[in-house]
Amino acid sequence: MVAMDIPRSEPVVRVRDLVKRYGTREAVRGIDFDIFRGETFALLGPNGAGKSTTIEILEGYRERTSGSVSVLGVDPHEGDLDWKARLGIVLQSTGESGNVTVREQLTHFAGFYPAPRDVDEVIASVGLEEKATTRIKALSGGQRRRVDVALGIIGRPELLFLDEPTTGFDPEARRRFRELIRRLQGEGTTILLTTHYLDEAAQLSDRAAVIAGGAIVASGAIAELGGEDARTPTVRWTERGERRQLRTETPGAVVSELVRRLGHEPEDLEVARPTLEDVYLELVAAGSATEVSS
Amino acid sequence: MSTTALPLRAVAARRPSALRLGLSRAAYEIRSYFRLGDTLFFTFLFPVVMLAIFSVAFSGAGLVGVNGQPDPVNGISMAHSYLPGMAAAGLLLSGVQNLAIDIAMEKGDGTLKRLAGTPLPVLSYFLGKFGQVLVTSLLQLALLLAVARILFGVPLPTAPEKWVTFAWVYLLGLGTSAVLGIALSGVPRSGKSASAVIIPIVLVLQFVSGVYVTFAALPDWLQNLASVFPLKWMAQGMRSVFLPDAFAAQEQTGTWDLGTTALVLGVWLVAGLIACRFAFRWIRKDS
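Top to bottom, those sequences are chains B and E. Reminder that position 90 of the first sequence reads as 90 in my numbering, one-by-one numbering, no gaps. Reminder that position 243 of the second sequence reads as 243 in my numbering, one-by-one numbering, no gaps.
Just chain B, same shape as in the assembly (with noise of 0.2 angstroms):
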């Protein structure tokens, strides 16, 4: 196959109304997002939401009900080899046997690939220098979750498919991993991250979606998620020991015509904007409604 060039303005992933059904339960329902080329984008959700029915449709591994997908310009139904080393994949779980040792692994797979990184490269990119000539059953869960993401990057891949790659990581491991993220972005690969943790997708994401209950509840730059509304923010003082709370897009007006009212100052009072992770449960809480009530 002759290296398909897409032009910069073509999405590196292309989905349209997808939707996947597992005999009558339908796990997504007609979901649409792009991803373009160099773009790091995050599929934010809780648990059975239908990220990964989602991210692994992309990556061939699952066939949709219905809809379209393209990616890097191939419907991934029919993803040849060629197309698949243009991939990195870092798969939610594995519990290989591991019997052999990191740097053998990494070399081994290397060799799948047309134009490897350097493995002694991608073992210190990942921080496993010292375990290098380790078996890899003799890791931790989370340095064993740091082979997988060496395995993803080895094959110098132009769209890295991450699904929640720092479970397990500890606060050093993860920062590596965020300046390892920086670096590929910096060479220009695309990626596509679903994770838990918030502040993560925040730092690495330059765009997001979040899905619920089979659904995109909301999408846009991370900033920006759930609209001007999700971020308006809370007066909450109390008065004749009742908690009371009011949103508004005027909390100094608000606060000013309290302390006149009240003609003292209010009790416990204080005025906050929402931050991420209190928009994100709102709209995954939304979201789930949405789909009991449907």
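FYI, nobody ran anything at the bench for these hints, they're computed from the structure. All values derive from a computational prediction rather than experimental measurement. For each residue, glycine too, the CB sits at the ideal point set by N, CA and C. Don't take each hint at face value.
Taking CB as the label site, the calculated pair distances span [to be verified]:
id: 1; chain 1: B; residue 1: Gly95; chain 2: E; residue 2: Phe34; range: 16 to 24 angstroms
id: 2; chain 1: B; residue 1: Pro171; chain 2: E; residue 2: Leu273; range: 49 to 57 angstroms
id: 3; chain 1: B; residue 1: Tyr22; chain 2: E; residue 2: Ala279; range: 21 to 29 angstroms
Got chain B; can you put chain E on it based on the hints?
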């Protein structure tokens, strides 16, 4: 190329050939094989251990002739009479038992799923498995013959035509065992149950096919039943190589019947290949 060309794109580089990757897989598989303690014992050393146990346990029986009658003049030792069966069992273990359990485990633990996401051709994966089976079974047979010869003084054939027979029975038997192992790997529902499902099948087959029990001593109906399966023919082919020709008299037809051996093994080989074609999947899609 335009100035926006990305450094990631390796246009000139080509994927390695399926054959080269097959050799790489074989080296990787062989290394892993010898690091697994339980495989090493139950598959690799098993025939040698069984030969040693039978030979020592029945050493008091003296030399036996055709149909197990004592025959101090033309008889053979217990180790000698067990050697062909153990050689055939080794092929079955290296092929069927090893591959069926190995692949079922790889299906269960995510190895196959990971490989399915890489540009490794399925053909290379199987070349790797065949390479592993070939190398480990050759080493296994060499060890078995060395132990038989050196520890138990079993005379090995010197006639070249015996070794020609040995070569084709070995290759055909091993190939058939390997494809049947791949086909059977789809039977266990999980990697964890693989041993429990596969080992009894293999064990029963060994008992009815003249590996542990002299074939001629089995009732006719069981002999006929066992003749449907390939192991009986592998064992008979091995007997034709390692036993004196006078022992052909105790076979069902009174001859070594190598033509039927080739035919039955050939049919199983083709059937196994077809079964592999339909049974094997990198992963169970939509499970």
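Hint-by-hint comparison with the structure:
Restraint check, glycine 95 of chain B to phenylalanine 34 of chain E: a C-beta distance of roughly 22 angstroms satisfies the suggested window 16 to 24 angstroms. Separated by about 53 angstroms at the C-beta atoms, proline 171 of chain B and leucine 273 of chain E satisfy the suggested range of 49 to 57 angstroms. For tyrosine 22 of chain B and alanine 279 of chain E, the hinted distance range of 21 to 29 angstroms is satisfied, since their beta carbons lie about 23 angstroms from each other.
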